[in-house]
Amino acid sequence: MVDAVTLLNQDLSPTARLTYAVLTADQQVDEGSDTFDLDHIARVVGLADSDALLPVLAELTAVGVVDKREHHGLGLVLFVNLEAIPPADQQPCVPCDDCGQCSCSGLRGVCQPCSEVRASRVPEAESTNEMDSRWVYAVSTEADPKSIKIGVAGNIQKRLKQLQIGSASPIVLRWQSPGGFPLESHLHEKFTRLRIVGEWFNFQRTADPVKAINKAARTFLQQYDATH
Numbered sequence: 017m018v019d020a021v022t023l024l025n026q027d028l029s030p031t032a033r034l035t036y037a038v039l040t041a042d043q044q045v046d047e048g049s050d051t052f053d054l055d056h057i058a059r060v061v062g063l064a065d066s067d068a069l070l071p072v073l074a075e076l077t078a079v080g081v082v083d084k085r086e087h088h089g090l091g092l093v094l095f096v097n098l099e100a101i102p103p104a105d106q107q108p109c110v111p112c113d114d115c116g117q118c119s120c121s122g123l124r125g126v127c128q129p130c131s132e133v134r135a136s137r138v139p140e141a142e143s144t145n146e147m148d149s150r151w152v153y154a155v156s157t158e159a160d161p162k163s164i165k166i167g168v169a170g171n172i173q174k175r176l177k178q179l180q181i182g183s184a185s186p187i188v189l190r191w192q193s194p195g196g197f198p199l200e201s202h203l204h205e206k207f208t209r210l211r212i213v214g215e216w217f218n219f220q221r222t223a224d225p226v227k228a229i230n231k232a233a234r235t236f237l238q239q240y241d242a243t244h
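Numbered according to my numbering, the sequence shown spans residues 17 to 244.
Please keep in mind that the hints were generated in silico from the structure rather than gathered at the bench. Some hints here could point you the wrong way.
[What the hints assert, rightly or not] Using 25 angstroms as the maximum straight-line C-alpha spacing, the simulated DSS-like pairs for lysine-lysine come out as follows:
(1) Lys84 x Lys206
(2) Lys231 x Lys162
(3) Lys206 x Lys227
(4) Lys177 x Lys162
(5) Lys162 x Lys174
(6) Lys227 x Lys84
(7) Lys206 x Lys162
(8) Lys206 x Lys231
(9) Lys162 x Lys227
The structure presented is a predicted model; accordingly, all values stated were derived computationally and were not measured.
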């Protein structure tokens, strides 16, 4: 599956559009691989080698259909987005809460393998929707205060240090509250229309994101206390 908008984008060179289609096909055929044979890709689109492919990849990166950046435990990785994600909206790779490796393939800051392990031993609090002792937090980069990650952690300061790894801009704690999994789950559902990817949400059109998050949290906690 390819993005029609990208294929019809006349600002891209014909070679760039062809390369996008070939990369997408290669990614789908070799699902689960973290690498591309760029020399092979170059030959398929009629270029001499991977060096000749670099300016083409730069075109695709500029429009957000190719994502080339550092990932925890994997190094520099090239990934093709099914839909264009503007570079300004792309978030740094977040280390998995459990193993510290790249969590981009999973949700809520946990990589897919660790998610499967967690699913086999779901904490009682999550299976019963009971409040637990963890804190819910909202963080952003200093450079982009309205792209916010909403997560949950037993130790927020430790989590901040993990998130800072691989981020060019300082990670800033914007908000925190007790509430554990039930509150985090509610906030994710409340702001689902703003979701960028995983636990990251785009509050660009919200005047005061922290106020909006806090209001939603307070309302939920009051309702929770009244029914439990």
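Here is what the structure says about each hint:
Under the criterion of a C-alpha separation no larger than 25 angstroms, the hint pairing Lys84 with Lys206 is inconsistent with the structure, at around 31 angstroms. For the given pair, Lys231 sits about 16 angstroms from Lys162 by alpha-carbon distance, which is consistent with the 25 angstroms threshold. Of the pairs offered as hints, the one joining Lys206 and Lys227 holds, with about 14 angstroms between alpha carbons and a cut-off of 25 angstroms not exceeded. Of the pairs offered as hints, the one joining Lys177 and Lys162 holds, with about 20 angstroms between alpha carbons and a cut-off of 25 angstroms not exceeded.
Annotation: proposed proximity of Lys162 to Lys174 holds, straight-line Cα distance about 22 angstroms (limit 25 angstroms). Annotation: proposed proximity of Lys227 to Lys84 is violated, straight-line Cα distance about 34 angstroms (limit 25 angstroms). For the hint pairing Lys206 with Lys162, the CA-to-CA distance comes to about 16 angstroms; that is within 25 angstroms, so the pair holds. Under the criterion of a C-alpha separation no larger than 25 angstroms, the hint pairing Lys206 with Lys231 is consistent with the structure, at around 11 angstroms.
For the hint pairing Lys162 with Lys227, the CA-to-CA distance comes to about 12 angstroms; that is within 25 angstroms, so the pair holds.
Consistency note: the structure conflicts with the earlier hints numbered 1, 6.
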